[in-house]
Each structure stands twice: as C-alpha cells, then as structure tokens.
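Peer 1: Chain by chain, the residues run as shown.
There are 2 protein chains.
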Amino acid sequence: MTESTKYLLSEDRMPKAWYNLAADLPGPVPPPVHPGTGQPMGPEDLAPLFPMGVLEQEASTERWIDIPEPVRDVYRLWRPSPLVRARRLEAALDTPAKIFFKYEGVSPAGSHKPNSAVAQAFYNKQEGVKRLVTETGAGQWGSSLAFAGNLFGLTVEVYMVRISFNQKPYRRALMETYGATCIPSPSPNTAAGRAILETNPDSNGSLGIAISEAVELAASRDDTKYALGSVLNHVCLHQTVIGEEAMLQMEIADADPDIVIGCVGGGSNFAGLAFPYMREKMNGKAVRCIGVEPTSCPTLTKGPMAYDFGDTGKLTPLMKMHTLGSNFMPPGTHAGGLRYHGMAPMVSQAMEHGLMEARAYQQTECFAAAVQFAREEGIVPAPESSHAIKAVIDEALRCKAEGKAETILFNLSGHGHFDMQAYMDYFAGKMTDTPFDDAALQASLETLPKVAV
Amino acid sequence: MTESTKYLLSEDRMPKAWYNLAADLPGPVPPPVHPGTGQPMGPEDLAPLFPMGVLEQEASTERWIDIPEPVRDVYRLWRPSPLVRARRLEAALDTPAKIFFKYEGVSPAGSHKPNSAVAQAFYNKQEGVKRLVTETGAGQWGSSLAFAGNLFGLTVEVYMVRISFNQKPYRRALMETYGATCIPSPSPNTAAGRAILETNPDSNGSLGIAISEAVELAASRDDTKYALGSVLNHVCLHQTVIGEEAMLQMEIADADPDIVIGCVGGGSNFAGLAFPYMREKMNGKAVRCIGVEPTSCPTLTKGPMAYDFGDTGKLTPLMKMHTLGSNFMPPGTHAGGLRYHGMAPMVSQAMEHGLMEARAYQQTECFAAAVQFAREEGIVPAPESSHAIKAVIDEALRCKAEGKAETILFNLSGHGHFDMQAYMDYFAGKMTDTPFDDAALQASLETLPKVAV
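So the protein lines, in turn, are chains A and B.
Counting from 719, one number per residue, gives the positions in the first sequence under our numbering.
Counting from 719, one number per residue, gives the positions in the second sequence under our numbering.
Only chain A is shown next, with the shape it has when bound in the complex:
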C-alpha cells in the first residue's frame, strides 16, 4: 500500500481558537513603553492606530482566544492548509528523518500573511473603520491586507517602498486586482512624504518612511486605522492557527515532531507554527524549535535584548526585543521579508526562556536548498521560506550521519511565484553573500534608546 503524501483536515476541524503563548510563558511579556516618558503604554494609548479588538489581544494573557466566525468563514477559502510529507526530498537526501511541511502558500495572497490580515480587517470593520492604511516592502503583507480588506468592504491604501513599487509591478498588480490602492512611498499625500520629496524628489523610499506615512494618515483621520503584518503580539496570535492545525494533522499522520522549524523576520510565521509546540514543550514534550534568519540580518543570533523602536523612523513605542538597533541597515537581499532589525517581543521572550534556538544562513545556500526542494517536491518556495528549508536539509543530513529517524516539521510560509527574479539572479550567478559588518552593528547598537524601565 502506498503511503500518503498529504494530510488534509476537513473544514469542520479547523481550530476554533487562537493560542496565546503569553498565558504560559514563565514570565510576562514586557509591555511597550513610551519613548519619551519610559512609561508602559496600554490599549488606550494606541487606540488612534488600532481597533480595540486588536489592542485587547495585544495585551491579553488569556490562553485561548476565539476565532470569530466571519474570520473562520474567510479562512475556509484556503484553510485548513495542507500538511505534506516531503517523501521525495527525504529519498533524495537518503535520510532516515521524516520531513513534514505545513504549506501556507495556498492562501490567495500566497503566504501566511492573510491569517492575520483577515482577522485585523474583521476587527476594524466591526468597530466602524472605513479605511486601512499600511506599508509594504516586498508586497506580501500589502497584497494580503488588500485581499482581506476587500472582503470586509474596507478601503485599503498600501504605501509601497518606491524601489519595490518600481521593481515588483506584479505584486502591485495583485493589490490592485483585490481593489486596493498602491502608492509609491515617499508620496506627496503626507507631511512625512513631502518632507523627503522636498530634499530628494527621486528618493527610493524605505520601510521606515512608508511606516511614517501610513501611521500619519491613520492618526489623522477618525475613519482610518493602521495595520501591521508581523512583530506584534496579536499578529503572532492570529498565526497560531497554523500550528494548531498542524498538530491535528500530525496526529492523522501518526507522527510527532522532534524538531519544528520556521524562518524569522518579524517572527510571525515561525510563531504561528512553533508557539503551540512551545506550549507542549513547557508541558514536558521533548521538541526543539528553531528560528532561521539570514546571516545579513541576524537579529536573534547577534542582536541583544533591548528596548528599541519598531521602525527606523523612531515613531513607534519602544518594544523589548532582540534587535540590531533601529539604525541598522541590512544589505539588500532577496528575502525582503526577513530584513527587519527587530524581532517579535513574544519570540524574543521565547528565546530568553530557552524555548527555542536560532541560527543564520547566507542567501546563496538557502537558494540552493530551495532549488533542490522545488525539483523534488514541485513547489517553488519564497526566498524567505528557503531559509527554513536550508535548516531542514541540514537537520535531515545530521540525522543521516547520526542514524537517527527524527521527525522534522517546518513552515513553508509562501510560494515564490512573485519572486522569480531572485531565482533568475541565482541561476545567473548574480547573487552574492555579503560578509556581516560587525562594526556597523556596534555603531547601530550604540544608538539604542536609553530608557530606564
């Protein structure tokens, strides 16, 4: 009898609640603090930017938070996502390890991002918001919010870093297909944008500038809110639907992971798969959780734990997290979603409490792993997800060397259909690895805000 490749879950078994790791961590997740006063900031302080439904989740220590039925109803368009056994990759590696992956690329926008975008759109709609404004770099979050906002009748405006706006027209076209407006940042629509354009009309923009524009617009209009696609507690919370589903599917597969792997940028796709397993780890289960980041932006492997701004523009509250300093400018790489100076405070806490480990890889070795994966399993991974795959292959080869039949589960967070330029550069030998600039990191860390908390 042939063994199964995919482990599907029927819609009626889709999780009914998100899991909140904050309920089980050995210590509290430090709250955001005001950069001027050093005072903790609560939901009311952030109310101009986010709806209360989201802010309550941000501060919650409840273990389970119900997924509203309208959100589950949209999830049904692609969820439960498949759990797949990578049998061909196992055979190619000649490893005794079992390799499973949770495939989030089946979502309409092609990644895990809609899991939170749909929830955020729902809470905004429920509180009478008419318009969502956000920023996007590579475009994954922008297209996810465009998709989600449209379903709830919200106007969505995405400020896209100008250089990406020009280089990634297909991502922009996807946002427009979902009915959103995509504006190159810096733009003349905001004071922040106009200030940049006055001195540099040809500015390529940056994620920091785009955040400033989006936040300015959200704060200035009553009917408008802001939405963020990673880092914050509520985003990690929404992504846990991935891990809760995976647990049910691994049960169907009659397997249990010894190792859980995800790539980390802001931290949310890793959190989504790994937090439920960290709960089991705290309950005594032997499981290693590994976050994989790029060598060029080694937040967990080289960044200290500190209070820092969430943005390069230094407009946000301070968050306690692993950080390279908000001044740190990672070199341009193809995994745009992993080029973030900070890390989700909850993931940072998980690191502090020994619930996870972290490692870093260069991008060319990640692309080599992604190509091997595509040739065995068919799916062309997003550049971000390729980091997880590189770690999976290394662990599977270790299992081979040690003769251990361990079970590995990873999050294939998205497909690479909108990132084929990166593959072209890789095949053309144009992709390079930059040695890490330790001096730049030290200089950046010296500018960390000095706040007594």
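These are computed hints drawn from the structure, not numbers from a lab.
Hints should not be assumed to be uniformly reliable.
What the hints assert, rightly or not - Think about it this way: if two alpha-carbon atoms lie no more than 35 Å apart in a straight line, the pair counts; the simulated DSBU-like pairs of lysine-lysine are: (1) Lys848(B) to Lys1038(B); (2) Lys724(B) to Lys843(A); (3) Lys1122(B) to Lys843(A).
As the list claims (entries may be wrong) - Some chain B residues flagged as far from chain A (calculated, every beta-carbon gap over 10 Å): (4) His752; (5) Pro758; (6) Gly760; (7) Lys848; (8) Asn884; (9) Glu916; (10) Asn922; (11) Glu934; (12) Val1005; (13) Leu1033; (14) Gly1072; (15) Gly1147.
Quick caveat: nothing in here was measured; it's all calculated off a predicted structure.
The C-beta atom is built at its ideal place from N, Cα and C for all residues, glycine as well.
Given the coordinates of chain A, work out where chain B should sit on it, guided by the hints.
Peer 2: The following block gives chain B in isolation, referenced to the frame of chain A:
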C-alpha cells in the same frame, strides 16, 4: 451550522483509471492521415516522435486505461485537487444557482498541464528515452514538462517562442528552476531555426516555428522524443482525472451539475472535466457541457470541421477537427493558451455528436469577470480560465432571471501569478478587443489541404 466551502478527496480515492471518451462516442474518432498520401496513420508511423505507450492510448478505444502507479504517486504531490463552492461569488451575483469549481492551479506548475506532462514523462522514461523536446508559447506547458521530466530523470529542452522568451522571463525562470533548458526559438540548433534566422536574425518566432524545431530534434535523435501539451487524444485522456475526481467530490457535496463549463484552446482542460460528464449524458443524464473560446480565435463557433494540419508549419499529420485553417493568425491576446487554430479531434467529435455547445467572448469582458472572481474568491485566474468564468457568471445571471437554482461546475484550469502583466494592462485601460476579421478567416479556409478521405 456553517456549510462547507471546499470538498476534499483523500488520496486513496484518487481515480485509478483515465476515462477514454472514444469508447462511448456514437462514431469513431477519425484517425490522423498523411498529408501527401491521404492514408490513415497508425502508431508505428508516429513512433519516431512519441513513445508507444502514448501512441497506443492515442488510438485506443478501451473505456478505462489504468493510471500507472508511478504517475499516481507524482499526482499525489497536488491531487486530488480541491472542489470549491464559490459561495461568495454566488452571493455577489445574488443568484439561486450553485457554483462549484475544480481548482487545477494547485499543481506545481500552476495549471492542469502537469496531468498529462507527468504521464508522458513516465511512458518516455519507461521506453528508455533520455531527452524530451517540446515547444511552448506562454510557458504553461513548458514549465509543466520541465517539472515532470525532472522527476523521471529526463533531460527537457523547451523551445520558447522568442517574443514570449523575452516578455515572460519568470516562466523561463520556473522552467530553469525545474532543471530544464529553455531556448528562444528560432534557434541555431536546428535546420528549421537556422533557415529563419538567415533571412531574419531578429525574428520574434512563432509557435509553428518552435514546433518545427522540437519535432526536428526529436526525429533526428534515437534517445529523444517530442511531447505535446494539448489537442491529441492521449492528452485529453490524461486530463480526465479532473472530471473523475470532480464526480466523486460533487457526490460528497451532495450536488450534481446541470452545466459543466471549461475554456477551450486546444481543448484538453475542457475535455478533462467534461468528458466524464458526456459519458453520463450518453447514459441519459441531463447535463449541458459548454466550451468557451475567445472571440478572436473562434475555432468551435466559426471554424468548420475539416482535415487540417496541427501546426502552422504544415509538418504534422492531418487531423479531422474544427479549424480556422492552419494559416489563420489570431490577433495577440493575453490568453495565449487559447490562440490555437484547431481543436482536439475528440472535442470536435463531441461537438458533432451534440454532446456539447460552444460560445465565444471578448477578452476585456473575461478580465472583468476574472477580477470580480478574484475579489470574491481570492484566487487570481489565468487569462485562459477567465473565459470559463465569464460564461459561469452569465449562466448564473440567467438562472437569477429565470428563478432557477441550477448547479454549475467549471474548471478553474490555472492561476494567473505569471500573467499579472495582463491584469496591469487591463487596469491601465490598455487592453482592447479586436473585431473579428471574417475575410481573413475565409482566406485561411481556402488554403485548407485538399485531401480525399
């Protein structure tokens, strides 16, 4: 209780046999004939180009043909594909009709094409072939054969029409990711290519030239065969896994289609979904099968039934089919996969026997339908599939006008991730509809080969 959105089928229920409509048609499917002699051609005549496993299927009148286990094993990477109820589209149209779609875009290459590519790669491998050569226009077939060939250890060379090679670098990158070589056609690798390049070094190429190059290479080397992605009987056969799965899933959904819809270019995705339902129609079931083509290339709605060449280069055997004449040059549209002058002989026979109907739409109305679909259901359709969607919406609106709760099933044959330029042109108002040139059609039909058969 919430009703289901997706109807999944477990892998152990994946069909074990393809369905061959030739077994049930009221008359025989006319064989291909030699253009010089007018004599029927059998498997042995085509053996230089195709493996015998495939040629036996081409001429078979067996009702069921077993799907080899290694083919089913590759199918498991994405099959059974989901059957989805388009509840949001139904609500947006305010129609009493139930709309279901079979989603073939979940395959690694993003369309239904791998259903046949995997089978063809298997039979070639089994007969000791080392290398497959094919042509591709938009790139769907080329990337599917690249994927399939790699899994069976075959070298794959794809001759891609030069203008597409230059305009669609991402499709080319996908083929290279799967390990295939993609060569712009005309190329200096063949006599056919060199002849063109001598007179026109900057030739944009054409599908006809690319076919000539691929066929020349396959015929000239013992270890090399050719592979075709649509039109032929064996390709339609392989695609019937779509319809056989859909039948099982519609049963799970407790629904039965009154109307089955697919877009038609060469005819294979429509055949794949509709042929099993035509069998039921011949057994007395009331079901309408509708093939939808572009107004710019109206093979079924304006082309007569005649013996004609399969290619513009007039190199292939003659096939009896609906045709616009192999000299007919449809205007450039974004649904490249539907720009074919002929039609699968089996689909043409189904038309002759009254088993199906056909209709044609302009591309802008199809893109409007595709955008509406994407905003309700999330999935961005391939330009080809948008033709099916336009017909579905029209039928659903007819049901509304007539107050009839009919059940509509269509084939969403692929996603549009590699076709976003078409959406950009649509949003920019750059997409136009060309009035059909009846005079050009008449001129083309006058050059149909005069063969007494």
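Peer 1: Gly1147(B): least C-beta distance to chain A exceeds 10 Å?
Peer 2: Nearest chain A Cβ is 13 Å from Gly1147(B), so the label holds.
Peer 1: Does Gly1072(B) sit more than 10 Å from chain A, CB to CB?
Peer 2: holds, 37 Å
Peer 1: Within 35 Å, alpha carbon to alpha carbon, are Lys724(B) and Lys843(A)?
Peer 2: Holds, at roughly 26 Å.
Peer 1: Verify this label for me: Asn884(B) is non-interface relative to chain A, using a Cβ-Cβ cutoff of 10 Å.
Peer 2: Holds, because the least Cβ-Cβ distance between Asn884(B) and chain A comes to about 13 Å, which exceeds 10 Å.
Peer 1: Beyond 10 Å from chain A, beta-carbon-wise, is Lys848(B)?
Peer 2: holds, 18 Å
Peer 1: Are the Cα atoms of Lys1122(B) and Lys843(A) separated by 35 Å or less?
Peer 2: holds, 34 Å
Peer 1: Please work out if Lys848(B) and Lys1038(B) have their alpha carbons no farther apart than 35 Å.
Peer 2: holds, 32 Å
Peer 1: Was Val1005(B) rightly flagged as not at the interface, with every chain A Cβ beyond 10 Å?
Peer 2: For Val1005(B), whose nearest Cβ neighbour in chain A is about 27 Å away, the distance exceeds 10 Å, so it holds.
Peer 1: Would you assess whether Leu1033(B), listed as outside the interface, keeps its beta-carbon beyond 10 Å of every beta-carbon in chain A?
Peer 2: Consistent with the label, Leu1033(B) stays out of reach of chain A, its closest Cβ about 32 Å off (over 10 Å).
Peer 1: Beyond 10 Å from chain A, beta-carbon-wise, is His752(B)?
Peer 2: At about 39 Å from chain A, His752(B) clears the 10 Å cut-off, so the statement holds.
Peer 1: Would the least Cβ to Cβ distance between Glu916(B) and chain A come out above 10 Å?
Peer 2: It holds; Glu916(B) is separated from chain A by about 29 Å at its closest Cβ, greater than 10 Å.
Peer 1: Holds or violated: is the Cβ of Glu934(B) farther than 10 Å from all Cβ atoms of chain A?
Peer 2: holds, 27 Å
Hint check: no violations occur; every hint is consistent with the structure.
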